[in-house]
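Participant: Here is how the chains run, residue by residue.
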Amino acid sequence: MRVDTLVENDHQEVHPHRSLKSRLTWLGIGVAGIAALFVVRAVTAETVDAGLPNQLQDLLTLATSVIVESMPFVILGIILSIAVQEWVPDSWILRVLPRNAFARRAVISFLGFFLPVCECGNVPLARGLMVKGFTVSESMTFLLAAPIINPITIATTHAAFGWDGWVLVARLVGGFVIANLVGWLFSRHNDQDSLLTRRFAAECRLPQAHEHGGARIHKSLELFIRETSVIMPALFIGSVVAGAIQVLVPRSVLVTLGSNPLWSILAMLVLAFVISICSNVDAFFILPFASTFMPGSIVTFLVFGPIIDIKMLALLRTTFTTKVLVQLTVIVGLLAALIGLVVNYVA
Amino acid sequence: MSPRFAGLILALTVVVATLWLGATGQLVLYIHPRYVVFTMIMAALALVIGVASFAIPRGHEHDAAANRTSRIISVGALALSAVIAAALVIVPPATLTSATVNTREINSTGVGVEVQSVENATSESSAAFAKFTVRDWASLLAQTSDTAFYSGKPVDVAGFITADETDPTNVFYVSRFVITCCAVDAQPVGVPVYAPNWADDYELDSWVRVTGSFVANPSSASEQPIALEPDTVEPIGTPDEPYLF
Numbered sequence: 001m002r003v004d005t006l007v008e009n010d011h012q013e014v015h016p017h018r019s020l021k022s023r024l025t026w027l028g029i030g031v032a033g034i035a036a037l038f039v040v041r042a043v044t045a046e047t048v049d050a051g052l053p054n055q056l057q058d059l060l061t062l063a064t065s066v067i068v069e070s071m072p073f074v075i076l077g078i079i080l081s082i083a084v085q086e087w088v089p090d091s092w093i094l095r096v097l098p099r100n101a102f103a104r105r106a107v108i109s110f111l112g113f114f115l116p117v118c119e120c121g122n123v124p125l126a127r128g129l130m131v132k133g134f135t136v137s138e139s140m141t142f143l144l145a146a147p148i149i150n151p152i153t154i155a156t157t158h159a160a161f162g163w164d165g166w167v168l169v170a171r172l173v174g175g176f177v178i179a180n181l182v183g184w185l186f187s188r189h190n191d192q193d194s195l196l197t198r199r200f201a202a203e204c205r206l207p208q209a210h211e212h213g214g215a216r217i218h219k220s221l222e223l224f225i226r227e228t229s230v231i232m233p234a235l236f237i238g239s240v241v242a243g244a245i246q247v248l249v250p251r252s253v254l255v256t257l258g259s260n261p262l263w264s265i266l267a268m269l270v271l272a273f274v275i276s277i278c279s280n281v282d283a284f285f286i287l288p289f290a291s292t293f294m295p296g297s298i299v300t301f302l303v304f305g306p307i308i309d310i311k312m313l314a315l316l317r318t319t320f321t322t323k324v325l326v327q328l329t330v331i332v333g334l335l336a337a338l339i340g341l342v343v344n345y346v347a
Numbered sequence: 348m349s350p351r352f353a354g355l356i357l358a359l360t361v362v363v364a365t366l367w368l369g370a371t372g373q374l375v376l377y378i379h380p381r382y383v384v385f386t387m388i389m390a391a392l393a394l395v396i397g398v399a400s401f402a403i404p405r406g407h408e409h410d411a412a413a414n415r416t417s418r419i420i421s422v423g424a425l426a427l428s429a430v431i432a433a434a435l436v437i438v439p440p441a442t443l444t445s446a447t448v449n450t451r452e453i454n455s456t457g458v459g460v461e462v463q464s465v466e467n468a469t470s471e472s473s474a475a476f477a478k479f480t481v482r483d484w485a486s487l488l489a490q491t492s493d494t495a496f497y498s499g500k501p502v503d504v505a506g507f508i509t510a511d512e513t514d515p516t517n518v519f520y521v522s523r524f525v526i527t528c529c530a531v532d533a534q535p536v537g538v539p540v541y542a543p544n545w546a547d548d549y550e551l552d553s554w555v556r557v558t559g560s561f562v563a564n565p566s567s568a569s570e571q572p573i574a575l576e577p578d579t580v581e582p583i584g585t586p587d588e589p590y591l592f
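First to last, the sequence lines map onto chains W and L.
Numbering follows the numbering used here, in which position 127 of the first sequence is assigned residue number 127; successive positions increment by one, without gaps.
Just add 347 to wherever you are in the second sequence, counting from 1, and you've got the numbering used here.
Please keep in mind that the hints were generated in silico from the structure rather than gathered at the bench.
Where a beta carbon is used, it is the ideal one built from N, C-alpha and C, also for glycine.
Honestly, I wouldn't trust all of these hints.
Example chain W residues on the side facing chain L (calculated, C-beta under 7 Å, incomplete) [unchecked claim]:
1) Leu-37
2) Val-39
3) Arg-41
4) Ser-65
5) Val-66
6) Ala-159
7) Leu-221
8) Ser-229
9) Pro-233
10) Phe-284
Interface residues of chain W toward chain L, partial, derived using beta-carbon atoms under 7 Å [unchecked claim]:
11) Leu-27
12) Thr-44
13) Ala-50
14) Gln-55
15) Asp-58
16) Leu-62
17) Ile-75
18) Ile-225
19) Thr-228
20) Phe-236
21) Phe-285
Given the sequences, and given the hints that come with them, work out the whole structure.
Facilitator: Right, dumping it as structure tokens:
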């Protein structure tokens, strides 16, 4: 029935200025569609016996869990992105930032304190900031730092680890250093636009129309539609791939590597890549592993996971080219491993 | 398909599925209870914004000309997303199964070692032991295999059945998943039960309540030194909160 709705939309003609009546009709269709979804859900829960084989059922359960867990953060990210693009005067964000590129990126690293979303919410927000005038490398610094240096992540990491084994400090310092280093590296690229996907680069070049009154709400909703159309398929695909890998690859392969200072770091990189959970909650996830893995390896997980994982790559691909993502993955992976190694040998 | 609205519809499908799970108390099948309120609030917000977006006039699509390959990929991605979205509202919610226990190795990561300690448990009363979950017992089993410690301690646990890897015919685990964030991080824990040819009477993945006491494992093939010798094994339905948090 969903597909039907999609097809219907496809055949809709474009009327930029539609009458109140047609708006109300569409509103009615929307409400009816949602009501129908609720009915279908309630009915199928009682009547359908999926009878899926265990592995397929678990794949679906795992994918659903990633989607349901990420959804509120994605929505929060989209709402903040809309707020930044439509409701906050340009001067607030851009004018308070220092002119010097290094100082500017350093300050941007702490934006997460005011826009506390985890990494999946960060993608729409970073897109919003770029449209608003951030350079590509600045948005990259924001993308990398904000999921780690924000009050929610700090609180949950502290709740999980306290001040034990430098985990919290190393995570914060590591996140800051990586974000600024990567921002600096990408700022040296000659053609910043070429780092972006063609579709998004085109979006950034669109002139910012000046708003008045009700047009703002209209534009906000327009942005909501546009951002969901980019982010949701990526979230779905990322979640399914993450779920599939977990059904297929035995976890024990990773855990047996836990006590070796080098191998345990590689195992944590792979685990962080596969597990794809948000930075706001990943400390709780990794806590049970603290007894089998060395503290530096835990730090590697907590630094790498928020920035790079399967779901994040799918989300980032909406904005950056594949080449940039490969470079980003390699650089962040090496740096995260280095930080973990240092903690392993020092702490 | 129109990608422009696909995202909105995908988002609303997740939102509907989430709100329904929350309303029927089943959101805990996917996420830890501490995130339920936040998730429900954001879902409700998304529902309101999503509905409102239907009412705005449709503008022109400023789509950059995409090449053929990338168009095929995006159509494929959309089709796969549509399948998942359909599954979200059609397939009834379910818990993880023994398939995931197998890939994650039961009691493997030291989950819950800190839950119970041998010293504290020595002085507990029988009534307290009767309330121990499989996680409590699993944490004790990981610490000591001294049969004297377990004698006189009544066991009453519930969980689903998974087969012991080393002696699947005669030993099964009463198992549960422990969740710290969401179902993705579920860690299986369980206690071994010695019941020769258990598969004749009970099904893999079915839920049971087992009472009995721990003894030296009679199975010579199993790697577990201690196993639960059951007095009763009673089939039960899936509990409302199948996971341990």
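Participant: Now tell me, hint by hint, if it's right for this structure.
Facilitator: Each hint, compared with the structure:
Taking 7 Å as the C-beta cut-off, the interface hint given for Leu-37(W) holds, the closest approach to chain L being about 4 Å. For the restraint placing Val-39(W) at the interface with chain L, the shortest Cβ-Cβ distance is roughly 10 Å, beyond the 7 Å limit, so the hint is violated. For Arg-41(W), the shortest C-beta to C-beta distance to chain L is roughly 5 Å, which falls under 7 Å, so the interface hint holds. Taken as an interface hint, Ser-65(W) checks out: its beta carbon lies about 4 Å from the nearest beta carbon of chain L, inside 7 Å.
For Val-66(W), the shortest C-beta to C-beta distance to chain L is roughly 6 Å, which falls under 7 Å, so the interface hint holds. With 7 Å as the threshold, the beta carbon of Ala-159(W) stays out of range of chain L, its nearest partner Cβ sitting at about 10 Å, so the hint is violated. For Leu-221(W), the shortest C-beta to C-beta distance to chain L is roughly 4 Å, which falls under 7 Å, so the interface hint holds. With a cut of 7 Å, the hint placing Ser-229(W) at the interface with chain L holds, because the nearest CB-to-CB distance is about 3 Å.
Taking 7 Å as the C-beta cut-off, the interface hint given for Pro-233(W) holds, the closest approach to chain L being about 5 Å. Here the hint on Phe-284(W) is kept, as its CB sits about 4 Å from the closest CB of chain L, short of 7 Å. Proximity of Leu-27(W) to chain L holds as hinted, the smallest CB-CB distance being about 4 Å (cut-off 7 Å). Taking 7 Å as the C-beta cut-off, the interface hint given for Thr-44(W) holds, the closest approach to chain L being about 5 Å.
With 7 Å as the threshold, the beta carbon of Ala-50(W) comes within range of chain L, its nearest partner Cβ sitting at about 5 Å, so the hint holds. Interface hint status for Gln-55(W): upheld, as the beta-carbon distance to the closest one in chain L is roughly 5 Å, under 7 Å. A least Cβ separation of about 5 Å between Asp-58(W) and chain L falls short of the 7 Å threshold, and the interface hint therefore holds. Residue-level restraint check for Leu-62(W) holds (minimum Cβ-Cβ distance to chain L is 6 Å; threshold 7 Å).
Look at Ile-75(W): its Cβ gets to within about 5 Å of chain L, closer than 7 Å, so that hint holds up. For Ile-225(W), the interface hint holds, since its Cβ comes within 7 Å of a Cβ in chain L; the closest pair sits about 5 Å apart. Interface restraint check: Thr-228(W) against chain L, minimum CB-CB distance 4 Å, threshold 7 Å, status holds. Taking 7 Å as the C-beta cut-off, the interface hint given for Phe-236(W) holds, the closest approach to chain L being about 4 Å.
At about 4 Å, the closest approach between the beta carbon of Phe-285(W) and any beta carbon in chain L falls short of 7 Å, and the interface hint on this residue holds.
Comparing the model with each earlier hint shows violations of hints 2, 6; every other hint is respected.
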